[in-house]
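Which chain is which? The protein sequence lines are R and W, in order. Going by my numbering, the letters in the first sequence line up with residues 1 to 308, in that order. Going by my numbering, the letters in the second sequence line up with residues 1 to 298, in that order.
Please keep in mind that the hints were generated in silico from the structure rather than gathered at the bench.
Computed footprint of chain R on chain W; a stretch qualifies when at least three of its residues, placed anywhere within it, have a C-beta under 8 Å from a C-beta of chain R: (1) 162 to 170; (2) 265 to 279.
Below, a sample of chain W positions facing chain R; criterion: calculated Cβ distance under 7 Å: (3) Ala112; (4) Pro140; (5) Ala143; (6) Gln256.
Remember, it's a predicted structure, so these values are computed and weren't measured experimentally. Built from N, CA and C at the ideal position, the CB exists for glycine as well.
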Amino acid sequence: MTIAPPAPKIAPPAANSGGRGGSVTWMAWPALVAFLTFGIVPLIGVLLLSFTSWNRLSTDIPFTGLDSWRSVLSDPGLPHALWVTFLIMALSWLFQTPISLLLGVFIAAHKRYRSVLAVLFFVPLLLSQAAISITFKALLDPNFGLGAGLGFEFLQQDWLGNSTLAMGVVVFVVSWQFIPFHTLIYQGGIRQIPASMYEAAQIDGAGRVRQFFSITLPQLKYTVITSSTLMVVGSLTFFDLIWVLTAGGPGDATRALAVDMYQRGFKADLMGPASAIAVILVLVGLALALGLRRLGGRDATASQLEGL
Amino acid sequence: MTTMLDNVSQAAVVPPPVARRRRPRLLQYNWLGGLAGWIWLFVVLLPIYWIVITSFKLQEDYYATNPLVPPSSPTLENYRFVLESDFVSYFINSVIVTVGAVGPAVLVSFMAAYAIVRGSAASRFLRGVNGLFLMGLAIPLQAVIIPIYLLIIKLQMYDTLGAIILPSLAFAIPLSVLVLSNFVRDVPKELFESMRMDGATEWGTLWRLAFPLTRPAIVTVLIYQGLTVWNGFILPLILTQSPEQRTLPLALWSFQGQYSVNIPAVLASVVLTTLPILTLYVLGRRQLLSGLTAGFGK
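All chains, full assembly: derive it from the sequences and hints.
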């Protein structure tokens, strides 16, 4: 990466210092072109495709107005997919947040745990969702999996064959992968809290639980919001994990929006309705991100731009 | 989303010494947290332990012995079987895709970050570009996969590694630009000024000043994006079909579909696809962990 051309020895004309913008603008172009082509153009494209009835196999993309939208919005599959998505989102938030917070508090205070055990603790973050899902699929096998190994009756169930259990498995596997990540975020936030606040609380006779609720939690407000935003918005896009683990099943019990889109588009060859689902996915994600940001009471993007 | 955590992951890497020193003494041992920490570690390790021991078992033993007891006579048979099932070529595909996407993505992102930091004050265009990338962070890849599929077909790239590389490259850009521009912004203005006095061009300044000073951030971004592309599943699933173009996660999935009864072999393939990342993790844990939180500040 050391392809720097030798710098000319002569100073550039003084005029250059005033309008510096011009001389660097070109450097933004390669990234801009790449992202426009594969990010922005497809974003517009998905909206346009939702007004067609492209069947994936033909080269012909007929414009059919609102037909796709009408068929998607009148299909009971949509409210179901929205419900499944919401359920995965809410349950995985409820499961991950308290555990990550608790672990974050612990890890932030115990250096030894952090340095020795944290090595293993973060391994799930490195694995692909395909690998994780394949592992859990085999691990949860009622006859040869973990349940049989540990000899616990309650673990020997048809985990992926029962609608309720399958939902639970999806939430658990998501948490298995992401709790370390959110723990990392929380412990970082906790270590930013000045020790003097805890000293003062200690002198005032506040116990550990009181300190947690009166200092740690309020101080972590923005960390909680960030972590929650990542969980909630991220859960909209779970595809790899659900597809490999349950393929949306049993039946349609875990058929979340992203899986629904894939099945309509690439399995049933109905690209119009699939695009409509994709548009809904974008809108829901945007609404959630903006809603959570409002909850934070400040505009993160605006302050990001202040430094310019 | 980013500013509120500006300091968080920084703390994850370099803890502020003053704030930390006395706290462990101040509080008595956190039993609840400790218990949770150990339980969760067990929850994390058990599947990993199981994958590893099972991958050394013979298929017959898998059905006959206790799943949690290591094999009495470990076998490498599963690994041989997996390696003979073209895993080497899938591995090479994954390397090509990851390097081909992440290298150029980080290069163009670094250039764009430099341009945004240096030029935004004078250029409305660059401020717009920055805004576009910030907005781009909110576009989920899954949601635009259908037009990407169409685009790849129109470009006659369907079922090639290039089809995976191009969208992966593009989707690595917004976050990389955001993180790198935060770092370029930290380079003291006086240094840019003195480079200019010495007659350096912007291109020269980019490489001789900004690049050395932001190198750790660049490595972090490379690692984070590399991991994302390496583990990517939906792009290869949708944009390729022939076995010759498979990357590891997809190969893993089809291998599992094909040999679903041979669990030890499936798990050996899981171990093999994960091994390269684990090796990197052991070598550069700090860098990798800060890489994983790259999106949340610096």
